[in-house]
Amino acid sequence: MKIYQNSNEPIYKQIASQLREEILFGKLKEGDCLPSIRGLAQDLKISVITTMKAYDELASEGLVTAVAGKGYYVNPQNNEMLKEQYLRELEKNLLAAIDSARIAGLGKDDVINIFSTLWNAE
Amino acid sequence: MLNNRQERITDMKNAIKLENVTKKYKDFTLGEINLEIPCGFSTALIGSNGSGKTTLLDVMCNICGKNSGKITYFDKYTDVDEPDVRNNIGYCAANNFFPLDWTSKKVAYVMELAFSNFKREKFISLCNKMKIDTPDKRKQKKIMKMSDGNKMRLYLAAILARDSKFLILDEPASALDPLMRDMLCDMFREYLAEKEDRTILFSTHNIADMEFVTDYAVFMAAGKVVEKGFVEELKEKYRLIHGSGETLKSLSQYLISYTANSTMFEGICLTEHSSVFQKLDAAIEIPTLQQLSVGILRKAEKDTTEEE
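From first to last, the protein sequence lines stand for chains E and B. Letter by letter, the first sequence follows residues 0 to 121 in numbering that gives the first Met the number 0. Letter by letter, the second sequence follows residues 0 to 307 in numbering that gives the first Met the number 0.
Any given hint could be a false lead.
[Stated by the list, open to error] Which stretches of chain E does chain B cover? Using the computed rule of at least three CB atoms under 8 Å from a CB of chain B, they are:
#: 1; segment: 34-41
#: 2; segment: 77-84
[Claimed, not checked] Listing some non-contacts, in silico: residues in chain E with all C-beta distances to chain B over 12 Å:
#: 3; residue: LYS26
#: 4; residue: ASP98
#: 5; residue: VAL110
Since the hints were made in silico from the structure, they are not lab data. The beta-carbon is built from N, C-alpha and C at its ideal position, and this holds for glycine as well.
Using the sequences and the hints, build the whole thing.
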């Protein structure tokens, strides 16, 4: 895990987004236990409350559940949700591509051509 | 957030709770203090010189008696001399904590007699880690011959070698060099990680060095607590604003405190007011604990001056 201490993004958000990614991409699986709050704080050299806030954020999104006295466990992840996530990501990137095309004065067909070439090259 | 976590980790809510506590000296009055130090976290006591931090810590440990009010330890005891309280509190004063002719060997010997939870092996490993005399070293240096930094290392080793629940440390970082401060922060986190019902309370002037080991912050000015809260919540409550000098004129009433010169100003405001600065060419940031401390203490200082 990497933490930027001088970034504009709060540290708890950086931790939450890295763990979120690990959960959505299946690196952390259903039933897996997240590292203990104090252990992670120790490893990352950050305060306990920051780690706790990151975990609370994941819990409020329904990605993990706090089990009293034990820790945080990864919930079963809905594949539809994951798909939805990718779809949104795709739309966002395509919109950015359209913006670039407009600036460069390219038409829809030009873009589709480029897209096809890239797709086939993959 | 607090309630949530207490349910998860431990039944204990507060390591210490103060209700209407006062301590009067000829020229200084502490309190009334109403304060709870949450169990399981590291709390920083922040304030200017003479704001009453040391007095507060001394009252907590009954180094000096309070004039009024009630103190509750570990949610149930009101007497600091209760064995369960005494044994579980590790207190360290800012200086001359042990007699000056003592050595590492003598410290280990006395601590072992005084506290059943003092672990000699732990003490030795901490001495090695912090590069000071171990109690079994042939040639022992007296405390009076040690540098301030090494004195503090010895005190910290003595305190951390006990299996306690609550550390109360007055300025533990001020005499330490940068590397040792970093190690101190690591040792704090390790102490908290080892057992979940452990708590640390420390005072400091170098909050920037301790930011990443501070969970809860208590700000003091003129003998009173002027602000307190979990750091992550305080960072949501306040915003740091900086911008050009002209911007300030129309909006200074929204700033809790600020400094300004002809070119720029910098101050803090409540997050709910930060949108008024958005319209102008001002930068709005989440404050660091250091910036927050400056903002809050500057406001407290201004208020005190106005009262006088």
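At 12 Å, judged by beta carbons, does LYS26 (chain E) keep clear of chain B as stated?
Non-interface label on LYS26 (chain E) holds, nearest chain B Cβ at 24 Å vs cutoff 12 Å.
Can you confirm whether chain B covers the segment 77-84 of chain E, using C-beta to C-beta distances below 8 Å and requiring at least three such residues?
violated (count 0)
Tell me whether the statement that chain B covers the segment 34-41 of chain E is true, taking a Cβ distance below 8 Å and needing three residues at minimum.
holds (count 5)
When you look at the beta carbon of ASP98 (chain E), is every beta carbon of chain B farther off than 12 Å?
holds (25 Å)
No chain B beta carbon within 12 Å of VAL110 (chain E)'s
holds (36 Å)
The structure shown violates just one earlier hint, number 2.
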